[in-house]
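Let's have the full structure, built from the sequences with the hints guiding it.
Those sequence lines, one after another, are chains G and L.
Note that this note's numbering has the first sequence beginning at 1, numbered continuously upward.
Note that this note's numbering has the second sequence beginning at 1, numbered continuously upward.
Derived by calculation from the structure, the hints in this document are not laboratory data.
It is possible that part of the hints are untrue.
[What the hints assert, rightly or not] Restricting the straight-line Cα-Cα distance to at most 35 Å, the calculated cross-link-like pairs of lysine-lysine (DSBU-like) are: (1) LYS181/L <-> LYS138/L; (2) LYS198/L <-> LYS181/L; (3) LYS305/L <-> LYS6/G; (4) LYS4/G <-> LYS299/L.
[Stated by the list, open to error] Taking CB as the label site, the calculated pair distances span: (5) VAL28/G <-> GLN120/L: 41 to 51 Å; (6) ILE21/G <-> SER141/L: 49 to 59 Å; (7) ILE21/G <-> ARG7/L: 48 to 58 Å; (8) GLN250/L <-> ILE21/G: 24 to 34 Å; (9) PHE69/G <-> ASN219/L: 35 to 45 Å; (10) PHE69/G <-> ASN24/L: 31 to 41 Å; (11) VAL28/G <-> ASN340/L: 27 to 37 Å; (12) PHE157/L <-> LEU10/G: 57 to 67 Å; (13) TYR234/L <-> VAL28/G: 41 to 51 Å; (14) ARG228/L <-> PHE69/G: 19 to 29 Å; (15) ALA103/L <-> SER72/G: 17 to 27 Å.
[What the hints assert, rightly or not] Which chain L residues stay away from chain G? Per the calculated CB distances, all over 12 Å, these: (16) ASP123; (17) SER188; (18) ARG200; (19) GLY204; (20) PRO235; (21) GLY291; (22) GLU392.
Since the model is a prediction, treat every value here as computed from it, not as a measurement.
Built from N, CA and C at the ideal position, the CB exists for glycine as well.
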Amino acid sequence: MSFKTKFVLLFILATVLLISIETIYLSVQDKNSIDKRLFVRLVTLPDLAISNETHYVRHRSLSDTFSIFSNSPTLSENFPSTFVYNYSEIQKNLPSRIEVAKQDK
Amino acid sequence: MQNKINRFLLDFSVLSIFRRGSKNIFIFFVFTLLIFLLSSILFISNSIKSELDTTLNELPDITVQRLQAGRAINMPLSRVDRLLAIEGVKAVIPRVWGYYYFANAGVNFSVVGIDSFEDQYRDLYSKLCDKFDFDRLKKDSGMLVGVGVKKILQNSFYGDYFNFVKPDGGLTKIKIDGVFKGDTKLESNDIILLTSQKAREIFGMNKNEAVDFVVKVANPTEIPNIARKITTLYPDSRVVTKEDLSISYQNLFDYKSGLFLALFVISAFTFFMIIYDKASGISSDEKREIGILKAVGWKIDDILKEKFYEAFILSFASFVTALCLSLFYVYFLNAPLLKNIFIGYSTLKPAFDLPFAFDFQTNAIIFFLTVPIYIAATIIPSWRVASMDADEVMR
Numbered sequence: 001m002s003f004k005t006k007f008v009l010l011f012i013l014a015t016v017l018l019i020s021i022e023t024i025y026l027s028v029q030d031k032n033s034i035d036k037r038l039f040v041r042l043v044t045l046p047d048l049a050i051s052n053e054t055h056y057v058r059h060r061s062l063s064d065t066f067s068i069f070s071n072s073p074t075l076s077e078n079f080p081s082t083f084v085y086n087y088s089e090i091q092k093n094l095p096s097r098i099e100v101a102k103q104d105k
Numbered sequence: 001m002q003n004k005i006n007r008f009l010l011d012f013s014v015l016s017i018f019r020r021g022s023k024n025i026f027i028f029f030v031f032t033l034l035i036f037l038l039s040s041i042l043f044i045s046n047s048i049k050s051e052l053d054t055t056l057n058e059l060p061d062i063t064v065q066r067l068q069a070g071r072a073i074n075m076p077l078s079r080v081d082r083l084l085a086i087e088g089v090k091a092v093i094p095r096v097w098g099y100y101y102f103a104n105a106g107v108n109f110s111v112v113g114i115d116s117f118e119d120q121y122r123d124l125y126s127k128l129c130d131k132f133d134f135d136r137l138k139k140d141s142g143m144l145v146g147v148g149v150k151k152i153l154q155n156s157f158y159g160d161y162f163n164f165v166k167p168d169g170g171l172t173k174i175k176i177d178g179v180f181k182g183d184t185k186l187e188s189n190d191i192i193l194l195t196s197q198k199a200r201e202i203f204g205m206n207k208n209e210a211v212d213f214v215v216k217v218a219n220p221t222e223i224p225n226i227a228r229k230i231t232t233l234y235p236d237s238r239v240v241t242k243e244d245l246s247i248s249y250q251n252l253f254d255y256k257s258g259l260f261l262a263l264f265v266i267s268a269f270t271f272f273m274i275i276y277d278k279a280s281g282i283s284s285d286e287k288r289e290i291g292i293l294k295a296v297g298w299k300i301d302d303i304l305k306e307k308f309y310e311a312f313i314l315s316f317a318s319f320v321t322a323l324c325l326s327l328f329y330v331y332f333l334n335a336p337l338l339k340n341i342f343i344g345y346s347t348l349k350p351a352f353d354l355p356f357a358f359d360f361q362t363n364a365i366i367f368f369l370t371v372p373i374y375i376a377a378t379i380i381p382s383w384r385v386a387s388m389d390a391d392e393v394m395r
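Given below as structure tokens:
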């Protein structure tokens with residue numbers, strides 16, 4: 001086997017080994033999930049404080065598709081986090097299909 | 001013994017990769033970057049999802065809100081008795097919570113009221129807070145705040161108390177008696193916990209009103225039934241069960257539009273550019289090489305095997321490198337830049353650590369979408385050339 005082949009195979013092997021070490025190291029770390037659970041039991045509110053720019057993202061599970069319209073029916077979503085998070089589907093109300101009809105000339 | 005790896009062929013493939021060094025390095029680089037980007041974003045989203053799932057079981061069985069004209073409004077406390085009368089309901093707890101907009105910093109705090117700071121939960125509060133004196137909290141009827149809230153208030157020179165502006169223009173001064181531990185930052189960052197009496201004062205709410213009700217059910221299998229009964233009893237209520245919350249958590253990310261669509265489209269286009277380059281026919285150099293190999297006696301089988309090794313080594317090396325890098329980037333460096341996509345505009349940015357969640361399925365999907373396709377895109381054109389006559393190819 002040439003030096004280059006050995007180098008390539010060793011590189012792949014080392015990377016796979018590194019992935020395993022990373023995975024093992026990360027999975028044995030204490031996640032303190034007990035504290036988190038106790039906190040949620042105390043506060044009783046769902047969802048994470050990861051993005052709190054709008055109510056329907058901060059507590060999205062307690063909102064519905066129409067929460068965005070609570071201020072005005074013509075308001076459009078203007079927060080980047082709505083680009084990432086889905087609207088909550090638990091109320092099973094699909095986005096409304098009201099369309100503005102074209103005026104006849 | 002036929003299936004044994006032919007190490008001479010392997011040697012030849014590796015040398016062949018290095019022979020076309022600059023092109024292959026470029027492919028390796030783009031391929032690695034592509035898989036790195038894709039897996040990093042999926043790792044972050046998986047972590048956020050797993051963080052939600054750890055606390056799912058602690059959430060209330062049923063939450064009842066009241067809607068009027070499509071908006072959630074306050075619940076009259078008079079409804080508690082009728083809800084308690086439903087068979088199977090163990091307890092109905094009115095909640096007072098809401099958002100307080102702190103104009104000075106332009107942030108929304110989540111204010112949560114609890115009945116009172118009771119002695120029986122002394123240990124619980126001490127466990128959740130750093131450097132904390134329960135007796136002082138009880139005496140002051142003060143508040144506990146998240147790390148983010150504490151920081152924002154400190155920037156506005158509110159060291160150990162905060163003046164809430166009431167709807168009537170008056171002020172309510174409340175002492176900050178504790179800060180929630182940094183471990184719970186993802187849950188507690190924007191939370192202010194105080195007594196519901198104070199919360200009512202801040203929101204200007206009546207004593208006989210609550211924001212919503214939490215219903216505890218003795219037998220979990222009865223939850224859907226009781227939820228249905230509540231809707232029948234009060235048709236204006238929005239009933240959210242634990243099952244609904246679980247579904248909501250499942251659908252946290254919209255993989256069909258928004259960020260993920262943009263990501264998948266970009267990834268697919270980049271990837272197919274590489275594939276197109278490979279599949280659109282191989283260069284005359286490579287053709288001649290295959291011709292010569294055939295002329296010196298290689299079988300089509302050997303040529304395809306050699307090409308398979310070549311493609312597999314290149315794509316698999318890219319895949320594992322990308323995976324290793326993205327694990328390091330997301331979980332050790334905490335995903336700088338990319339994390340901001342998930343945080344959005346919020347001024348109250350939590351500096352949280354992403355919990356580790358290794359999702360085998362996601363990695364398998366990325367693997368099967370990239371490596372086998374790349375191998376196929378290398379082998380098929382080679383097979384086309386290899387099946388021609390040697391002299392025709394070399395000419």
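Q: Could you tell me which of the numbered hints above are not met by this structure, giving the numbers in increasing order?
A: Violated hints: 5, 7, 10, 16, 17; rest satisfied.
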